[in-house]
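Note that UniProt numbering gives residue 63 to position 63 of the sequence shown, counting from 1, and the numbers run on in steps of one.
Hints in this document: simulated from the structure, not taken from any laboratory. This structure is a prediction, so every number in the text was calculated from the model and none was measured. Take these hints with a grain of salt, some might be off.
Claimed, not checked - Label-pair restraints from in silico Cβ distances:
| no. | residue 1 | residue 2 | range |
| --- | --- | --- | --- |
| 1 | 28 | 5 | 15 to 23 Å |
| 2 | 49 | 7 | 15 to 23 Å |
| 3 | 5 | 48 | 29 to 37 Å |
Note that the Cβ used here is the ideal one computed from N, Cα and C, for glycine as well.
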Amino acid sequence: MNPIDIPTEWNDSALLTFEEFCALIHIPQRTVRDWRRRGVGPRFWRFNGTGRLYTTVAEVRRFTNPVNAAR
1 MNPIDIPTEW
11 NDSALLTFEE
21 FCALIHIPQR
31 TVRDWRRRGV
41 GPRFWRFNGT
51 GRLYTTVAEV
61 RRFTNPVNAA
71 R
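Construct the entire structure; sequences and hints are all you get.
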């Protein structure tokens, strides 16, 4: 399994859509929806009453590298 490479130049407060996150980690949307239902994976938010889900780059880094997040 290849590690997920998040570019270091990405700002931690930048937003990724649900779809962008799934594409970045190469996981089907159905799987990530199941993770959300079970409380696993990164946190997602909705802004301004939209139906679209967003997460931050920092949250993706926390999820993809939990060893460093605990430090």
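Structure-based check of all given hints:
For residue 28 and residue 5, the hinted distance range of 15 to 23 Å is satisfied, since their beta carbons lie about 19 Å from each other. The hinted window of 15 to 23 Å between residue 49 and residue 7 is violated, with their beta carbons roughly 31 Å apart. Roughly 31 Å separates the CB atoms of residue 5 and residue 48, a value that falls within the hinted 29 to 37 Å.
The structure is inconsistent with hint 2 alone, although it conforms to all the rest.
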